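J.: So the protein sequences, as listed, match chains F and D.
Using my numbering, the final residue of the first sequence is 86, and nothing's skipped along the way.
Using my numbering, the final residue of the second sequence is 310, and nothing's skipped along the way.
Among the clues, some could well be false.
As a list, the in silico DMTMM-like pairs of lysine to aspartate or glutamate whose alpha-carbon atoms are at most 20 angstroms apart [to be verified]:
id	chain 1	residue 1	chain 2	residue 2
1	D	K211	F	D52
2	D	K35	F	D39
3	D	K132	D	D52
Computed spacing ranges between beta-carbons, pair by pair [claimed, not checked]:
id	chain 1	residue 1	chain 2	residue 2	range
4	F	D52	D	Y187	29 to 35 angstroms
5	F	E61	D	N103	53 to 59 angstroms
6	F	E7	D	D183	29 to 35 angstroms
7	F	D52	D	D65	31 to 37 angstroms
8	F	D66	D	R193	51 to 57 angstroms
9	F	S62	D	N103	55 to 61 angstroms
10	F	S62	D	K24	42 to 48 angstroms
11	F	L82	D	N188	27 to 33 angstroms
12	F	K5	D	E150	39 to 45 angstroms
13	D	T14	F	E26	41 to 47 angstroms
14	D	E33	F	S62	30 to 36 angstroms
Since the hints were derived computationally from the structure, they do not count as laboratory data.
Given the structure is predicted, the values throughout are model-derived calculations rather than measurements.
No residue lacks a Cβ here, since even glycine has one placed at the ideal position from N, Cα and C.
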Amino acid sequence: MKSVKKEDIVKILEYALADSEIIVSELDFSIGLDTQGVDSLDRMNIIFQIQDDYGVQISEESLEADEWLTIDKIVESLNKLLKQQG
Amino acid sequence: MIGIKNICVHIPETVIDNMAKTAKFNLTADFIEKKIGVVNVPRKHAGQTASDLCVLAYQKLMEEDKSLKPNRIDFLCVCTQNGDFQLPQTSSIVQGKLDLPGNCAVFDIGLGCSGYVYALHIAKNFMQMNGKKLGLLFTSDPYSDIIDPEDKNTALIFGDGATVTLLSENPIFHIGKAVFFTDGKKYNLIIKRKNDYFYMNGRSVFDFVMKRVPQSIEQCLKINQLKIELIDIFLLHQGSKYLVKNLAKRSKLDLEKVPINLRNIGNTVSSSIPILLKNYIKDQNAKTILLSGFGIGLSVASTIIRRVPI
Chain F
1 MKSVKKEDIV KILEYALADS EIIVSELDFS IGLDTQGVDS LDRMNIIFQI QDDYGVQISE
61 ESLEADEWLT IDKIVESLNK LLKQQG
Chain D
1 MIGIKNICVH IPETVIDNMA KTAKFNLTAD FIEKKIGVVN VPRKHAGQTA SDLCVLAYQK
61 LMEEDKSLKP NRIDFLCVCT QNGDFQLPQT SSIVQGKLDL PGNCAVFDIG LGCSGYVYAL
121 HIAKNFMQMN GKKLGLLFTS DPYSDIIDPE DKNTALIFGD GATVTLLSEN PIFHIGKAVF
181 FTDGKKYNLI IKRKNDYFYM NGRSVFDFVM KRVPQSIEQC LKINQLKIEL IDIFLLHQGS
241 KYLVKNLAKR SKLDLEKVPI NLRNIGNTVS SSIPILLKNY IKDQNAKTIL LSGFGIGLSV
301 ASTIIRRVPI
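So that you can see chain D by itself, here it is in the shape it has in the complex:
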């Protein structure tokens, strides 16, 4: 069965120091550190694209796994809403840059913060249905291209980054069942209109998340026939420190099981969950993990992954 074999991450080294913006945005250092939780925001170089970040994540994967043969890769998918061009699909550009075989299935998934959970399920089922054996699932959403640097609601939060998840028939994690929720009537609460910057209505998104994500977590446990105490780690989309902590509190999760890594990474949209998950690939204590992504759409998706016994 197709599952997760490895994850590699690219986080740009160039960062923007949020603490230097306290006066500009009339915020305290305490607020930035303890509430937003993002001190340094990674920024790609000007001119770098989503596909460039994918390639950098892929290079890390090749460095980590010397036995990986590119000519065996038969599936490639890029989850992004900020692709290189409006047309064509970024995944084709990545396939070309990596010089992968022509019989490789290649497509994009246009989802944001819930994208990784969706993409895992699309990839797993697509690969199994079509006899694909080795896949690359990329997440790459360089929000710095669409953010207004003068907007304190977004400029302090979103970081650039990309991940690649290696999907294989011999996985470390099996992918369980997922639950999905969308409220399309609220599409305009997080939006990027043509010729305008990215906009997010923080308060209404907070309301949506606090109401819908705990329900999604509960339903995910139920559909996978699991009790909350059997979950070793809860990997929640890193919207902001305040959001994750309150979500954990409202969902009655043990805070020690809910990691937050925003400080030097920020909210990397569909990359936030795989960036967190990378830390648990080799951690044998992390046997059952719940993943929950939520945001633009407005959309929520939660799933379980389970470590394959050695």
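So that you can see chain F by itself, here it is in the shape it has in the complex:
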């Protein structure tokens, strides 16, 4: 099973945030994306791209539990989800 790296998530962010003023290379991986100017619609788009690229379904519950709020957490949560799905 392929493990997800931070660079993979950065690529998704670069695609999803291409039309925004956010510079992905300047984002802090450990701080919430919401506090770094990534708004709710962009976060929705990022989650969609992750689901689409990796064939996973991210639940409302895990989103509300802030398991996908930072780049670090996205990598961790996605690897956990992929492992669960085998």
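For chain F, the structure is supplied; the task is to place chain D on it using the hints.
T.: Below, chain D alone, put in the same frame as chain F:
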């Protein structure tokens, strides 16, 4: 062959200024302008109904086309999910208000954002099958009656409006083949329950739209034997500015061919596509147009219309 002859639109003049709600909903003006894309939301007068809005759209049609004879109209259909009453059908009320002939076929179509594409095909085939020659297809869904003004997911987006499409044997646009997709298991993602406000799960609807609409566009091109570069304009249901732009990007559409008119109109449900299409009725450069409606159901419908050579 039955096709589109003209379109007229009624947008209420009264608007709600979304910029005045930034503090209330903890949003920035930038977010409203650039992401939601709706600055002013048109609102009908209290007490006005779906049929009243249809009549106002019809009056515009009569003003535009003085040669149109009401006694020749033999088909009338209203696409709405917010009719005047639960019973009877709103189309009958419209027929009565317009004093149209009794031999006019009259019925409602209960669909939302995909409704216009469905309705075009139902109307075209019904008219052809039954020898009808002049039809009125109305869209009128006054969502202000069902929206919670305190819900930022919906109150900032949905506008009131109505359209009438004149269908005739001498059309400006022929209607091509359509493709349809429904995921009824997701019916509760956009729903209005009894004694409750309208509810929409924005994130899940976004997922559905981003996945299914590009497929629908691709299938629509294929079934009509067209290549993407042959389409002059893509008229996508105006869900939100962010949604339309991302949908265009994901479907690899030229953004210049994807108009967005949400700013002073908002999401008018089944009226959004005909409101856009009105702008291209006289534009001879708009020869082949793809229409795609999507939303409540969850439902997607896409079709092609082609300008009849002069």
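J.: Would you mind marking each hint as holding or not holding in the structure?
T.: Hint check:
no., hint, in the structure
1, K211(D) with D52(F), "holds (8 angstroms)"
2, K35(D) with D39(F), "holds (9 angstroms)"
3, K132(D) with D52(D), "violated (25 angstroms)"
4, D52(F) with Y187(D): 29 to 35 angstroms, "violated (23 angstroms)"
5, E61(F) with N103(D): 53 to 59 angstroms, "holds (57 angstroms)"
6, E7(F) with D183(D): 29 to 35 angstroms, "holds (34 angstroms)"
7, D52(F) with D65(D): 31 to 37 angstroms, "violated (46 angstroms)"
8, D66(F) with R193(D): 51 to 57 angstroms, "violated (29 angstroms)"
9, S62(F) with N103(D): 55 to 61 angstroms, "holds (59 angstroms)"
10, S62(F) with K24(D): 42 to 48 angstroms, "violated (29 angstroms)"
11, L82(F) with N188(D): 27 to 33 angstroms, "holds (28 angstroms)"
12, K5(F) with E150(D): 39 to 45 angstroms, "holds (43 angstroms)"
13, T14(D) with E26(F): 41 to 47 angstroms, "holds (44 angstroms)"
14, E33(D) with S62(F): 30 to 36 angstroms, "holds (31 angstroms)"
Hints 3, 4, 7, 8 and 10 from the earlier list are contradicted by this structure; the remaining hints agree with it.
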